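*Asks:* Could you build the full structure based on these sequences and the hints that come with them?
Sequences listed follow chains D and G, in order.
1 is the number of the first residue of the first sequence in the numbering used here; add one for each residue after it.
172 is the number of the first residue of the second sequence in the numbering used here; add one for each residue after it.
Any given hint might turn out to be false.
Derived SDA-like pairs (lysine to any residue); straight-line CA-CA distance at most 25 Å [unchecked claim]:
#1 D:34 - G:590
#2 D:34 - G:347
#3 D:34 - G:345
#4 D:34 - G:614
#5 G:338 - D:140
#6 D:114 - D:125
#7 D:43 - G:577
#8 D:141 - G:358
#9 D:62 - G:475
#10 D:34 - G:440
#11 G:301 - D:133
#12 D:34 - G:358
#13 G:303 - D:97
#14 D:62 - G:347
#15 D:62 - G:592
#16 D:62 - G:344
#17 D:105 - G:347
Label-pair ranges, simulated between beta-carbon atoms [claimed, not checked]:
#18 D:80 - G:584: 55 to 61 Å
#19 D:120 - G:264: 27 to 33 Å
#20 D:80 - G:275: 37 to 43 Å
#21 G:287 - D:127: 36 to 42 Å
#22 G:287 - D:80: 38 to 44 Å
#23 G:633 - D:31: 50 to 56 Å
#24 G:536 - D:80: 48 to 54 Å
#25 D:134 - G:275: 50 to 56 Å
#26 G:578 - D:97: 49 to 55 Å
#27 G:257 - D:134: 43 to 49 Å
No lab work stands behind these hints: they were computed from the structure.
Here the structure is a predicted model, which means the values were calculated and not measured.
C-beta atoms are modelled at their ideal positions from N, C-alpha and C, and glycine is treated no differently.
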Amino acid sequence: MNNNIIATTSARARILTDEEIAEIDHEIDLYPDKQAVGLEALKIVQKHQGWVSDESMLAISKYLGIPISDLEGVATFFNLVYRQPVGRNVILFCNSVSCWIMGCKSMRAHINDKLGVDFGETTDDKEFTFLPVPCLGDCDKAPVMMVGDDLHRNLSKESINKIISEYKTRS
Amino acid sequence: MAKIIVDGIEYEVNPENNLLQESLSLGLDLPYFCWHPCMGSVGACRQCAVKQYRDADDKDGTLVMACMTSASDGAIISIEDEEARGMREKVIESLMISHPHDCPVCEEGGECHLQDMTLMSGHNYRRYDKKKVTHRNQYLGPFINHEMNRCITCYRCVRFYDYAGGKDLAAQASHHHTYFGRHQDGVLESEFSGNLVEVCPTGVFTDKAFSAQYARKWDLQTAPSVCVGCSVGCNITPGERYGTLRRIVNRYNSEINGYFICDRGRFGFDYVNGEDRVEAPSIKKGLQVEVLSGQDLESAIKGYAGQEVIGIGSPRATNEANYALCSFVGKENFYSGMADNESEASRLILELSRDKAFHSPSIKEIERADAVIVLGEDLTNTAARIALALRQSVRNKAKELAESINIPVWQDAAVKELAQHERSPLILLSNYATRLDDVASDSIIDSSEVLSQIGYAIAGEISGSRVSCALMKNPYR
Numbered sequence: 001m002n003n004n005i006i007a008t009t010s011a012r013a014r015i016l017t018d019e020e021i022a023e024i025d026h027e028i029d030l031y032p033d034k035q036a037v038g039l040e041a042l043k044i045v046q047k048h049q050g051w052v053s054d055e056s057m058l059a060i061s062k063y064l065g066i067p068i069s070d071l072e073g074v075a076t077f078f079n080l081v082y083r084q085p086v087g088r089n090v091i092l093f094c095n096s097v098s099c100w101i102m103g104c105k106s107m108r109a110h111i112n113d114k115l116g117v118d119f120g121e122t123t124d125d126k127e128f129t130f131l132p133v134p135c136l137g138d139c140d141k142a143p144v145m146m147v148g149d150d151l152h153r154n155l156s157k158e159s160i161n162k163i164i165s166e167y168k169t170r171s
Numbered sequence: 172m173a174k175i176i177v178d179g180i181e182y183e184v185n186p187e188n189n190l191l192q193e194s195l196s197l198g199l200d201l202p203y204f205c206w207h208p209c210m211g212s213v214g215a216c217r218q219c220a221v222k223q224y225r226d227a228d229d230k231d232g233t234l235v236m237a238c239m240t241s242a243s244d245g246a247i248i249s250i251e252d253e254e255a256r257g258m259r260e261k262v263i264e265s266l267m268i269s270h271p272h273d274c275p276v277c278e279e280g281g282e283c284h285l286q287d288m289t290l291m292s293g294h295n296y297r298r299y300d301k302k303k304v305t306h307r308n309q310y311l312g313p314f315i316n317h318e319m320n321r322c323i324t325c326y327r328c329v330r331f332y333d334y335a336g337g338k339d340l341a342a343q344a345s346h347h348h349t350y351f352g353r354h355q356d357g358v359l360e361s362e363f364s365g366n367l368v369e370v371c372p373t374g375v376f377t378d379k380a381f382s383a384q385y386a387r388k389w390d391l392q393t394a395p396s397v398c399v400g401c402s403v404g405c406n407i408t409p410g411e412r413y414g415t416l417r418r419i420v421n422r423y424n425s426e427i428n429g430y431f432i433c434d435r436g437r438f439g440f441d442y443v444n445g446e447d448r449v450e451a452p453s454i455k456k457g458l459q460v461e462v463l464s465g466q467d468l469e470s471a472i473k474g475y476a477g478q479e480v481i482g483i484g485s486p487r488a489t490n491e492a493n494y495a496l497c498s499f500v501g502k503e504n505f506y507s508g509m510a511d512n513e514s515e516a517s518r519l520i521l522e523l524s525r526d527k528a529f530h531s532p533s534i535k536e537i538e539r540a541d542a543v544i545v546l547g548e549d550l551t552n553t554a555a556r557i558a559l560a561l562r563q564s565v566r567n568k569a570k571e572l573a574e575s576i577n578i579p580v581w582q583d584a585a586v587k588e589l590a591q592h593e594r595s596p597l598i599l600l601s602n603y604a605t606r607l608d609d610v611a612s613d614s615i616i617d618s619s620e621v622l623s624q625i626g627y628a629i630a631g632e633i634s635g636s637r638v639s640c641a642l643m644k645n646p647y648r
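*Replies:* If you want it as structure tokens, here you go:
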């Protein structure tokens, strides 16, 4: 009975790819009703598209029968669902207590110098987006950060230089 | 009935309710934001903290939210307890961290729940001197103004919106930047969106049309009235200033509208101030229209005495005016302004309403119904407040499920979580899709002829005697 979504919009839904639909359908099988799959669908679309556009939001809303305002509530609740384009590599930089004690402030300044971007910003060449994250659960190896899916520990200016040039050359 | 002790005084209360509701009913002052008599409790705002004691020997007690605690027999609580008072004061202080304190320019000022609660809780001086969170407001249409900076995140707006079946307003983001709005700018789609103005305890949602010609509440002249928008008869309070009608707000009536009215009733009054409105008796001579004074009117009427005159009344005019015209021209020369089939239908309604065997349920009764059949009526468009009541009637299944496992019905979030998509039966028989289809267990869309046959068949089943539809007189045919 939830097919009656009255929310209208000026923007138009994009068409989900076969791959996205297959993965979302798999998630739907795991839950008693498909409205429960909202967050998983957002993650799937982000995995394939890099971020979640308005058009993707509408596509998911339509596919799962979730009102767009509710889906937007889910998307904006989670900081790691990107509602604007991000760079090819997302740096999640921990600025929580342990990392702060271990000098993450100067590491942040170093990345800032090196890439010319601060928290919330993306480099002009769209290679890196720099975001803060509260704790990556690896406090004994502080300071830490993630680039993409990889965790980097015991950061120093030298290791940061190395990490950045490595990801830059990776295609 | 149960007995509870509040600050050493024993009171009789209804154990089916929560402590907040019962305390308020007893006339005790306890501040709150998120609880609403129609929508129950969710414990979102943490404003109604009281001290509860295990027994007479318990001297320490525990802080509990009054709205989330049953008024069960033997409960011992303290509203005046210093720790509870302290908590309430700190909670309101934290809720108001980013509140702009713009009361002098805020439309809500003077009838603001937040102002009242702040005063009640004793939070007189603000200590926070850092940067406040600010939001971008949305365009929500011609009726509702959005000022998110005033929000104290009580969640009442989205809970009401859900209550009214709206789908385009939701809570966005999280923690200090929680935002209540649409997914993008646009007109609110619910036909009950105007109630946000009254449901919001502060000035996030305000009446935009009223603001265009704003007056403080105490500068309005108001009177109890009844809405003329449809035949439901919702109780309203119109407010006037300098000879013009400025706004209409809900007036509580437990049997009819309760706390809510529809947007047509709230905003659809501009014709009252219309320049073309006929405000005095006038006479048309050729192309000229002359306004008549009382004396002129009498002599003009006398001039027609004994002549063949017809009178055309109107269902929009008062009964008194129609009756006066009818008496003047005589019954045979009077036309009520209604077409024959409509006139026949209203005669039938009148006849049925006089028939004691035919019970016309009140809105309160509709809300409590176990099952509802709507025969050939698009209630959202003809009697919107009843459509809102039907949305509540389908929730009775949820309440029944909750009661079966001892969840109090005022535990709103728990009851909804338990029921998921379970609803009481609502069967709609209509010529076309309606706004209630999303909560209907069955919607049958067909021609009036087929729908009336189904209606007769149902009536036959209920009365136990087959009623042939050929024998029944259908005024619409």
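*Asks:* Next, verify each hint and record whether it holds.
*Replies:* Hints, verified against the model:
1. The suggested pairing of residue 34 (chain D) with residue 590 (chain G) holds, with an alpha-carbon distance near 16 Å, which does not exceed 25 Å.
2. Between residue 34 (chain D) and residue 347 (chain G) the CA atoms are separated by roughly 30 Å; this puts the pair beyond 25 Å, and the hint is violated.
3. With a C-alpha separation of about 24 Å, the suggested pair residue 34 (chain D) and residue 345 (chain G) falls inside the 25 Å cut-off, and the hint holds.
4. For the suggested pair residue 34 (chain D) and residue 614 (chain G), the alpha carbons sit about 23 Å apart, so the restraint of at most 25 Å is met.
5. Between residue 338 (chain G) and residue 140 (chain D) the CA atoms are separated by roughly 46 Å; this puts the pair beyond 25 Å, and the hint is violated.
6. About 13 Å separates the Cα atoms of residue 114 (chain D) and residue 125 (chain D), which keeps this hinted pair within 25 Å; it holds.
7. For the suggested pair residue 43 (chain D) and residue 577 (chain G), the alpha carbons sit about 38 Å apart, so the restraint of at most 25 Å is broken.
8. Only pairs whose Cα atoms come within 25 Å are accepted, and residue 141 (chain D) paired with residue 358 (chain G) is rejected, the gap being roughly 51 Å.
9. Simply put, residue 62 (chain D) and residue 475 (chain G) have alpha-carbon atoms about 67 Å apart, too far for the 25 Å limit, and the pair is violated.
10. Distance hint between residue 34 (chain D) and residue 440 (chain G) is unfulfilled; the C-alpha atoms sit about 43 Å from each other, more than 25 Å.
11. Taken as a hint, the residue 301 (chain G) and residue 133 (chain D) pair is honoured in the structure, with Cα atoms around 23 Å apart against an allowance of 25 Å.
12. Of the pairs offered as hints, the one joining residue 34 (chain D) and residue 358 (chain G) is violated, with about 28 Å between alpha carbons and a cut-off of 25 Å exceeded.
13. Between residue 303 (chain G) and residue 97 (chain D) the alpha-carbon distance is near 24 Å, which keeps this suggested pair within the 25 Å criterion.
14. Among the hinted pairs, residue 62 (chain D) with residue 347 (chain G) is inconsistent with the structure: their alpha-carbon atoms are about 30 Å apart, more than 25 Å.
15. For the suggested pair residue 62 (chain D) and residue 592 (chain G), the alpha carbons sit about 19 Å apart, so the restraint of at most 25 Å is met.
16. The hinted pair formed by residue 62 (chain D) and residue 344 (chain G) meets the criterion: a straight-line CA distance of about 21 Å does not exceed 25 Å.
17. Of the supplied pair hints, the one linking residue 105 (chain D) and residue 347 (chain G) holds, its CA atoms being roughly 24 Å apart against a limit of 25 Å.
18. Remark: the range hint 55 to 61 Å for residue 80 (chain D) to residue 584 (chain G) is contradicted by a beta-carbon distance near 26 Å.
19. Checking the proposed 27 to 33 Å range against residue 120 (chain D) and residue 264 (chain G) shows it holds: the Cβ atoms sit about 30 Å from each other.
20. Between residue 80 (chain D) and residue 275 (chain G) the C-beta distance comes to about 41 Å, which sits within the given range of 37 to 43 Å.
21. At roughly 55 Å, the beta-carbon separation of residue 287 (chain G) and residue 127 (chain D) lies outside the given 36 to 42 Å, and the hint is violated.
22. For the pair residue 287 (chain G) and residue 80 (chain D), the beta carbons lie near 40 Å from each other, so the given range of 38 to 44 Å is met.
23. Checked against the hint of 50 to 56 Å, the pair residue 633 (chain G) and residue 31 (chain D) fails, with Cβ atoms roughly 41 Å apart.
24. Taken as a hint, the range 48 to 54 Å holds for the pair residue 536 (chain G) and residue 80 (chain D), whose Cβ atoms sit roughly 50 Å apart.
25. In this structure the supplied range 50 to 56 Å is violated for residue 134 (chain D) paired with residue 275 (chain G), their Cβ-Cβ distance being about 39 Å.
26. Distance hint check for residue 578 (chain G) and residue 97 (chain D): the Cβ-Cβ separation is about 40 Å, which falls outside the suggested range of 49 to 55 Å.
27. For residue 257 (chain G) paired with residue 134 (chain D), a C-beta distance near 30 Å fails the hint of 43 to 49 Å.
Hint check: violations occur at hints 2, 5, 7, 8, 9, 10, 12, 14, 18, 21, 23, 25, 26, 27; the rest are consistent with the structure.
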